[in-house]
Structures are given as structure tokens and as C-alpha cells.
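As a plain string of letters, each chain reads:
There are 2 protein chains.
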Amino acid sequence: MSDSANHMAALHDVWMSAQLVRVEQALSDWVAPAVDLAPVLSQAMRYAVLDGGKRLRPLLVLAAAEAVAAVDEKSLQAALRAACSVELIHAYSLVHDDMPCMDNDILRRGKPTVHVKFGEAQALLAGDALQALAFELLTPAPDVVDTAVQATLCRILALSAGCHGMAGGQAIDLASVGKLLAIDELHTMHRLKTGALLQASVMMGAACGAVSPEAKLALQEYGAAIGLAFQVVDDVLDVTADTATLGKTAGKDAEQDKPTFVSLMGLDASKAYADKLLQQALTALEKTGLSNMRALESLAYMVVNRVT
Amino acid sequence: MSDSANHMAALHDVWMSAQLVRVEQALSDWVAPAVDLAPVLSQAMRYAVLDGGKRLRPLLVLAAAEAVAAVDEKSLQAALRAACSVELIHAYSLVHDDMPCMDNDILRRGKPTVHVKFGEAQALLAGDALQALAFELLTPAPDVVDTAVQATLCRILALSAGCHGMAGGQAIDLASVGKLLAIDELHTMHRLKTGALLQASVMMGAACGAVSPEAKLALQEYGAAIGLAFQVVDDVLDVTADTATLGKTAGKDAEQDKPTFVSLMGLDASKAYADKLLQQALTALEKTGLSNMRALESLAYMVVNRVT
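Chains L and S, in that order, give the protein sequences.
When we follow our numbering, the leftmost residue of the first sequence carries the number 1, and every step to the right adds one.
When we follow our numbering, the leftmost residue of the second sequence carries the number 1, and every step to the right adds one.
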């Protein structure tokens with residue numbers, strides 16, 4: 001690495017550590033801290049969300065908010081709430097995804113999955129309650145976050161989580177097991193299944209500040225590119241990493257006969273494709289014309305170069 | 001019935017029929033009409049929502065909106081969206097509730113339940129997607145519904161659906177099977193499990209127009225009373241009605257050894273309690289000082305006198 005690259009990486013580490021502290025604290029404060037009436041549900045919700053995860057989606061929200069200079073108190077609060085809300089949607093989707101009727105996985109982030117620990121019924125409810133909580137976080141009193149921002153954030157999140165986003169992608173995924181998908185069908189599935197929420201994270205961050213239509217469009221391109229890159233890398237890691245490193249069961253895709261980028265393109269071409277998507281993301285950032293894009297840039301590298 | 005009571009009942013029938021047509025049409029337009037990418041998910045979502053249900057919650061929203069004179073175009077649109085959104089939350093909760101890991105029921109509204117018809121995985125996803133869609137409906141473009149109203153509606157709905165509302169009540173319900181609950185514990189469970197969403201329906205309707213703090217408080221009392229009355233009547237019907245009339249499996253509660261108002265208070269006392277709650281609801285309406293409460297009044301009678 002050059003000196004300036006080293007300097008940038010160090011700056012990013014400082015930024016990221018600071019943001020992660022904020023996010024972990026906020027999640028711990030906001031996720032069912034004391035539901036005395038239903039203690040098991042509260043425990044299951046906290047177990048699903050706390051002490052785990054790379055928090056990539058919250059970091060994307062906060063990085064995008066920084067890029068559009070969302071720095072006044074209300075904007076900062078909006079961005080933190082948005083960051084936590086996307087993580088709650090992500091967490092609930094993992095809880096439901098791991099259940100026996102879906103992927104039937106017993107290990108997540110190196111721990112027993114929620115239904116293994118708390119039973120299927122509580123896992124189902126915990127997922128449901130986490131989705132509701134995501135929207136609750138986005139809609140505090142009007143003096144905390146402007147209602148226009150609240151409405152925009154709810155809309156972006158709802159669209160990315162529902163049948164035209166994450167849930168739709170998961171339904172395609174279900175239908176595709178054991179089938180030979182064309183590469184464009186695989187793209188569509190992942191654009192919805194993982195890409196939609198990653199892109200939404202970027203756009204929710206951007207919605208916390210002022211952004212021109214051109215910059216918005218470029219940020220959408222950035223979000224789409226890293227959303228897809230994330231999945232390509234996921235498929236690569238499913239083949240190249242081991243279960244201990246991943247914290248979840250490796251080799252699952254091949255075992256379940258799921259189509260992946262690796263199974264369709266091969267390993268080397270998949271790696272090259274991830275790099276190409278990284279370049280697309282960086283090019284899109286340049287097009288935004290925004291001044292403070294260091295965090296978004298670093299996160300793009302992080303998505304592609306991650307080892308877990 | 002007296003002539004004036006007859007006249008009122010007839011007026012209510014006309015009002016209700018008109019509202020039901022609006023709600024059914026809106027649900028049909030808005031619930032996943034063409035998710036070409038995930039056709040089974042779309043079908044499962046529509047199956048869960050359309051062609052069934054009394055639409056009590058949407059009617060409560062629209063009746064409350066009428067009571068607070070929400071009559072301009074944006075307010076009408078807000079109320080219709082709110083009406084559909086509470087029904088989507090209700091519908092998703094039934095889909096998940098019927099699943100094998102929860103109540104394991106195969107019959108709902110006289111038809112096979114969603115997981116019987118589409119499989120457990122699609123049922124899980126359909127429920128998840130319906131919850132997201134509820135919030136999507138509440139957050140259209142700002143020129144359709146004022147963003148301040150959007151934010152309020154999302155907040156009320158999220159709170160009533162999550163761990164401090166419906167999902168919390170379901171978790172208590174799960175934990176109570178086979179246990180001897182005290183009557184106040186049973187109250188708490190139902191206040192959350194069914195009461196929260198019914199009360200939210202009233203408050204969301206009220207949020208579509210202008211309402212004084214006093215009227216708001218009285219409407220909350222009304223919502224709490226009919227919310228509880230609904231569950232008391234449910235418990236009575238579970239004992240007195242048959243499966244064909246109910247469209248769902250009768251006698252389930254006793255079979256599953258669930259505590260109910262009937263098991264704790266007896267049948268006659270439960271019926272008397274429902275009537276007392278009806279009177280509380282009507283008294284609360286008088287306290288609102290609002291002028292157009294006919295629909296809310298009729299719905300209170302409907303909740304208590306229903307036979308299915």
C-alpha cells in the first residue's frame with residue numbers, strides 16, 4: 001500500500017470504529033430493552049440483533065448521510081435511526097431465513113440460530129416484531145426527525161423489504177433450488193434478495209440530507225453495484241472459506257443445489273466480476289459530485305475484499 | 001327494534017356496504033397485483049388478503065376518519081390507505097399464526113390456510129411481505145398524503161404491531177398455553193394481541209383529520225373497550241359456534257388448553273362482560289364531543305353482537 005492509501009485506510013478505521021460504537025449502543029438501547037410482559041420475545045429479539053454482524057448496512061447509511069452533509073442534530077438522529085432500522089430488517093430476514101421451513105440452518109454468526117435457541121414460534125414472532133420495530137424507529141416525534149424525512153425513510157425501507165425487494169428475491173430463491181437459472185435470472189434474484197436493502201441503505205442515508213437528482217442517481221448506481229458485488233463475494237466465500245471463519249455453514253449453496261455466480265461463471269470469473277463491480281461503484285461515486293465520499297469508497301472496498 | 005333504531009341500522013348498512021366496496025377494491029389494486037418476478041409470492045399474498053374477512057379494522061379506520069371529518073381528498077386517501085394497511089397487518093398475523101410452529105391450523109375463512117395451499121416457506125414470506133406492504137401503502141408521494149400524517153400513521157401502526165402490541169401479545173399467548181392465568185394477565189395478553197391493532201385502527205382514522213386531545217383520549221377508551229369486547233366475544237364464539245359458521249376451527253382454545261374469558265369467568269359472565277364493554281365504548285363515544293359518530297357506534301354493536 002502507498003503512504004496515502006495507508007493514511008486513508010487508517011482514517012477509515014477510525015471513522016468505522018466510531019460509527020460502530022454508535023450503532024451498537026443505539027441498537028442495544030432501542031431493541032426491546034425491557035418488554036417485561038413478554039420476556040422471551042424480548043430476549044429473542046436482542047439475541048437476533050446484538051453481538052454480531054458486520055453492520056455493513058448501518059455503515060452504508062451513515063456513510064451516505066455523511067456524503068450528503070447530514071450534520072445537524074435532526075439529520076444525525078435520522079441517520080442513526082435509519083442505520084438501525086435497516087439492520088433490524090436484515091436481522092429479521094436472517095431469523096426467518098434460518099427457520100426449518102426455509103434454509104433450516106442451525107448456526108449464524110458462530111452461535112445457534114434464534115429458532116434453535118428460543119423455539120420456532122418465538123423466532124417467527126421475533127422476526128415479525130423486529131420488522132415492526134424498524135418502522136417504529138423511523139417514526140419518532142416530529143421534533144426528533146422531520147416528518148418529511150420520516151415518511152421518505154419509511155417508504156424506501158418498505159419498498160426494499162417487501163415483495164418488490166428482499167421478500168420477492170427470497171421467493172425467487174426458493175423457487176430456484178435445483179433449477180438451472182440463466183445468469184440474468186440470477187442477477188434479478190440477487191438484485192432483490194440482497195441488493196435492494198443494501199441499495200436502500202445508501203439511499204436512506206442520502207435522504208437524511210440534501211441531494212441533487214444527479215447525485216441521487218449516481219448513488220443509486222453505487223448502491224446497485226455494491227449490492228451485486230456483495231452477493232458475488234458471498235458466493236465466492238461459500239466455496240473458498242470454512243464454516244469457522246464464516247460463522248455460518250459453508251458450502252451450503254452447492255449442498256442445496258442452489259445456482260450461484262460461482263456455479264454459473266466459475267470461481268475466477270466470479271472474482272473478476274466482483275472487481276469489475278467495485279470499479280463501477282467507484283466510478284458512480286465520482287459522478288455524484290459530492291465532496292465527502294471517503295467512507296462510501298472504503299465500504300465499497302470492504303464489500304469486495306472481505307474474507308467473512 | 002324501534003323505527004329509529006331500524007332507520008339507524010339501515011343507514012349503517014348503506015354506509016358499511018359502500019365502505020366495504022372501497023376497501024375490497026383498494027386491497028385488490030394494492031396487494032401485489034403483478035409481481036411477475038415472484039408469482040407464487042404474489043398469489044400467496046393475495047390469497048391471504050382478498051375474498052375473506054369481515055374487514056372490521058378497515059371499517060373502524062374509516063368510521064373514525066368520518067367522525068373527525070377527514071373529508072378532503074388527501075384525508076380520504078390517507079384513511080383508505082390506513083384502512084388497508086391495518087388489514088394487511090391483521091392478514092399477515094393470521095398467516096403466521098396458522099403456521100405449524102404456531103397454532104397449526106389448516107382452515108381459515110372456510111379455506112385452506114396459506115401454508116397448506118402454498119407451503120410453509122411461501123407463507124412465511126407472504127406474511128413478511130404483507131407487513132412491509134402495510135408501511136408502503138402508508139407512505140405514498142407527499143402530494144397524495146401529507147408527510148406529517150404519513151409519519152403519524154406509520155408510528156401508530158408500528159407500535160401496535162410490534163413487541164409492545166400484537167407480537168408481544170402473541171408471545172404471551174404462546175407462553176400461557178397450559179398455564180392458569182389470572183384474569184388480569186388474560187386482559188394484558190388480549191389488550192396486546194388483538195386490542196392493540198383494533199385500537200390503532202380507531203386512532204389511525206382519527207389521525208387523518210383534526211381531533212382535540214380530549215376527543216383523542218375518549219377515542220382511545222372506545223378503542224380499548226371494543227378491542228377487549230372483540231376478544232371476549234371471540235372466546236364465547238369458540239365455545240358456542242360451530243366450525244362451518246366460524247370458517248375456522250371451533251373449540252380450538254379448549255382443545256389446546258388455552259386460558260380464555262369463558263374458561264376463567266364462565267359463559268354467562270363472559271356474555272355479560274361483553275355487554276358491559278359495549279356500554280363503556282358507547283359512553284366513551286359520547287365523551288368525544290364529535291358530531292358524526294354513527295358509524296363508530298354501529299361498529300361497537302357489530303363487534304359485540306356478531307355471530308362469526
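No lab work stands behind these hints, which were simulated from the structure alone.
Quantities reported herein were computed from a predicted structural model and do not represent experimental measurements.
Glycine included, each C-beta is placed from N, C-alpha and C at the ideal position.
The reader is advised that the hints may include incorrect statements.
Stated by the list, open to error - DSS-like, lysine-lysine: derived pairs with alpha carbons at most 25 Å apart:
| # | chain 1 | residue 1 | chain 2 | residue 2 |
| --- | --- | --- | --- | --- |
| 1 | S | LYS179 | S | LYS271 |
| 2 | L | LYS117 | S | LYS271 |
| 3 | S | LYS258 | S | LYS179 |
| 4 | L | LYS258 | L | LYS179 |
| 5 | L | LYS258 | L | LYS276 |
| 6 | L | LYS179 | S | LYS179 |
As the list claims (entries may be wrong) - Derived contacts from chain L toward chain S, CB cut-off under 10 Å, selection only:
| # | residue |
| --- | --- |
| 7 | ILE89 |
| 8 | PRO100 |
| 9 | ILE106 |
| 10 | GLY110 |
| 11 | PRO112 |
| 12 | ALA126 |
| 13 | ASP128 |
| 14 | ASP146 |
| 15 | CYS154 |
| 16 | LEU159 |
| 17 | MET166 |
| 18 | VAL236 |
| 19 | VAL239 |
| 20 | THR240 |
| 21 | ALA241 |
| 22 | GLY266 |
Comparing the hints with the structure gives:
no., hint, verdict
1, S:LYS179 x S:LYS271, "holds, 23 Å"
2, L:LYS117 x S:LYS271, "violated, 41 Å"
3, S:LYS258 x S:LYS179, "holds, 8 Å"
4, L:LYS258 x L:LYS179, "holds, 8 Å"
5, L:LYS258 x L:LYS276, "holds, 24 Å"
6, L:LYS179 x S:LYS179, "violated, 47 Å"
7, ILE89, "holds, 8 Å"
8, PRO100, "holds, 8 Å"
9, ILE106, "violated, 15 Å"
10, GLY110, "violated, 24 Å"
11, PRO112, "violated, 17 Å"
12, ALA126, "holds, 8 Å"
13, ASP128, "holds, 5 Å"
14, ASP146, "holds, 8 Å"
15, CYS154, "holds, 5 Å"
16, LEU159, "holds, 6 Å"
17, MET166, "holds, 8 Å"
18, VAL236, "violated, 25 Å"
19, VAL239, "violated, 25 Å"
20, THR240, "violated, 28 Å"
21, ALA241, "violated, 26 Å"
22, GLY266, "violated, 26 Å"
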